[in-house]
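S.K.: Dock chain B against chain A, hints included.
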Amino acid sequence: MSRRTITRGRTRDGWLFISPAVAVLAVFLAFPVLMALWVSVSDWRGVGSPFAGDVSFVGLDNYRSILTGGTLAQRDFGTALRNNFYYVLLVVPLQTALALALAALVHAKALRGRGFFRTAFYFPSVTSAVAITVLWLFLFDTRGAVNEVLGWIGLAGPNWFQDPRGILHLGLSAVGVDGAPAAMSGGGFLGITWWDWAAGPSVAMFALILLAVFTTSGTFMLLFIAALNNIGEEIDEAGMIDGANAWQRFWHLTLPMLRPTLFTVLTLGLIGTWQVFDQIYTGTQGGPAKTTVTPAYLSYESAFADQQWGQGAAIAFILFAIIVVLTLVQRAALRSRP
Amino acid sequence: MSVRTASPRQHLLLYGLLAVLAVVYIAPFLIDIATSFKTEAEAAESPVSLVPQTFTTAAYERLFLRSDFPLWFANSAVVTLLVTLGRVLFDSMAGYALARIPFRGRAVVFALVVAVMAVPNVVLLIPKFLVINQLGMFNSYSGLVIPLLADAAGIFIMKNFFESIPVSVEEQARIDGAGTFRLFWSVVLPMARPAVVTIVILSFQGSWNELNHFVVASNDQDLFTLTKGVAQLASGALSQGTQYPIKLAAAAVMTIPVAVVFFVFQKRIMNASAGAVKE
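Residue numbers (our numbering), protein chains in the order written: chain A, 12 to 349; chain B, 107 to 385.
This is chain A alone, in the form it adopts within the complex:
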């Protein structure tokens, strides 16, 4: 056998081995993205092939209609961005802090029942988003378990999944600010007034925020536990000899060493929270008053329910861009730190 035949044989074997997986990835993931890119700049309405002769190129019209012009499509997109923005703003720090706290509590080898606690905290992460959302609808029902428990301590819980009021607006009205100040009712962004941007997540969205924190904190806890195990105990012991208390040791010694994991968790959190879909499809379908519509859900709804395929695809690509940009920003922030 000459060297050339061997190379040729290996190339044949290599392609033979890799082609089933490559075919699936290329046909169902890579190619569809290109196809959707075309749909996002075309006037295809869901009938026939997007490549048929009667479908034409419309440039950036689909993007324009969701970004400009004061149309309903633009207001919906603005609302979806606002909703998801608050979701990210609350879920990412909460899930990260809770995951870190859980990991710090259960990583000690001497802790009795360590395995039990880890299992308890991680279990929600392995179950399906659909099952947990169904459970959440029951727990956060007006007369559900959460409101009953709140009642034990004298609090009247809200009508969680029916309440479209923003929690920041609720806070402001508690201190007597009920309407928009003049400066905030005029201008705005993406068809939403500044006052509405400042609404905060609705009560309904807040229930979904708690749902996300409940299901993801266990997953991220595992990442932190793995990192804590890698640090080892010598450093902690050195700190102890220097007379640092537990909190000082954690804050000044452990936390700086967890920075790489912290950034991984934040990045995964950002990517995940901008994609929230299952919980909304199952639970609220965007209601009440569109306060739980997210870009991912809006993209789905525009295309499949309203047959606005171009707009739906455009929303998906804008969402993609948001995720990519935020990830890059975060990477840069990580690199600039010492």
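Among the clues, some could well be false.
[To be verified] SDA-like mimics (lysine to any residue), calculated; alpha carbons at most 20 Å apart, straight line: (1) B:K373 - B:G312; (2) A:K120 - B:G312; (3) A:K301 - B:P114; (4) A:K301 - A:F96; (5) A:K120 - A:F261; (6) A:K301 - A:P175; (7) A:K120 - B:V306; (8) A:K120 - B:M376; (9) A:K120 - B:F170; (10) B:K373 - B:V306; (11) A:K120 - B:G342; (12) A:K120 - A:L266; (13) A:K120 - B:K373; (14) B:K373 - A:L266; (15) A:K301 - A:F200; (16) B:K373 - A:G124.
[Claimed, not checked] Some residues of chain B that are not near chain A, with every Cβ distance over 12 Å (derived): (17) T145; (18) P158; (19) F170; (20) L171; (21) R172; (22) M243; (23) S246; (24) I271; (25) V273; (26) D282; (27) S292; (28) M297; (29) R299; (30) I307; (31) L329; (32) P351.
Please keep in mind that the hints were generated in silico from the structure rather than gathered at the bench. Ideal Cβ positions, reconstructed from N, Cα and C, are used throughout, including at glycine.
M.R.: This is chain B only, laid out in the frame that chain A set:
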């Protein structure tokens, strides 16, 4: 917080805090199971109690005898089985090729796999539908299954594992005249058992819990999987009333298979998940 050096009071505080947290994490599931055995009136009346006053299996009877639930369950089982088999085979073949066979075009393929991993799943909702529809696979089992048969993360896990096996193992078999496929099937794959088990677990969990692919791949009632069926149930498809016992029974039953796999492979899942995070 080091347990060894804590004072008795700190000890008590730590365990107290952990106990409260554990209750918060576990109680929802206990409430789920308890409520599924209550009457609808009682579910509304006392949503927190863990012991049904009138114990009834009406919700389960309704679910299994007079709804499409068994069909959804069967569909989920078939899809999960096929996807898991496919991923074990295709991911490990691809991983082996990327790790061990120096073929022309490998760098391009590797770049494609990396690129595919970076695309967020939700962005693919419309694209996937377009292709499945275009290929005439909409509303068919092939549309539910084939697009999930390989995944980039699984290929990565297999590639990393194969790279950790010493080359000398294969050289001996090659000298004995084994071809690439025989080498892969009888020598390398049996050695990759830990990695294969990881792929089995991740694929099982992933495809059993998958929702958004099934949402766009079909709309035929006969092809509903558990996730899609129960999501529809949640939005009140079973006539009027809240029907909480039935919904929660459905949620409990669909959780059982993943719970069983989780408790059987607990250690491995906890470790694998520290590397590959499910969203």
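S.K.: Hint by hint, say whether it matches the structure.
M.R.: Do the hints match the structure? See the list:
| no. | hint | verdict |
| --- | --- | --- |
| 1 | B:K373 - B:G312 | 18 Å, holds |
| 2 | A:K120 - B:G312 | 31 Å, violated |
| 3 | A:K301 - B:P114 | 52 Å, violated |
| 4 | A:K301 - A:F96 | 14 Å, holds |
| 5 | A:K120 - A:F261 | 16 Å, holds |
| 6 | A:K301 - A:P175 | 8 Å, holds |
| 7 | A:K120 - B:V306 | 30 Å, violated |
| 8 | A:K120 - B:M376 | 16 Å, holds |
| 9 | A:K120 - B:F170 | 45 Å, violated |
| 10 | B:K373 - B:V306 | 15 Å, holds |
| 11 | A:K120 - B:G342 | 47 Å, violated |
| 12 | A:K120 - A:L266 | 19 Å, holds |
| 13 | A:K120 - B:K373 | 16 Å, holds |
| 14 | B:K373 - A:L266 | 26 Å, violated |
| 15 | A:K301 - A:F200 | 17 Å, holds |
| 16 | B:K373 - A:G124 | 15 Å, holds |
| 17 | T145 | 15 Å, holds |
| 18 | P158 | 14 Å, holds |
| 19 | F170 | 17 Å, holds |
| 20 | L171 | 20 Å, holds |
| 21 | R172 | 19 Å, holds |
| 22 | M243 | 10 Å, violated |
| 23 | S246 | 14 Å, holds |
| 24 | I271 | 16 Å, holds |
| 25 | V273 | 14 Å, holds |
| 26 | D282 | 16 Å, holds |
| 27 | S292 | 15 Å, holds |
| 28 | M297 | 16 Å, holds |
| 29 | R299 | 19 Å, holds |
| 30 | I307 | 10 Å, violated |
| 31 | L329 | 16 Å, holds |
| 32 | P351 | 10 Å, violated |
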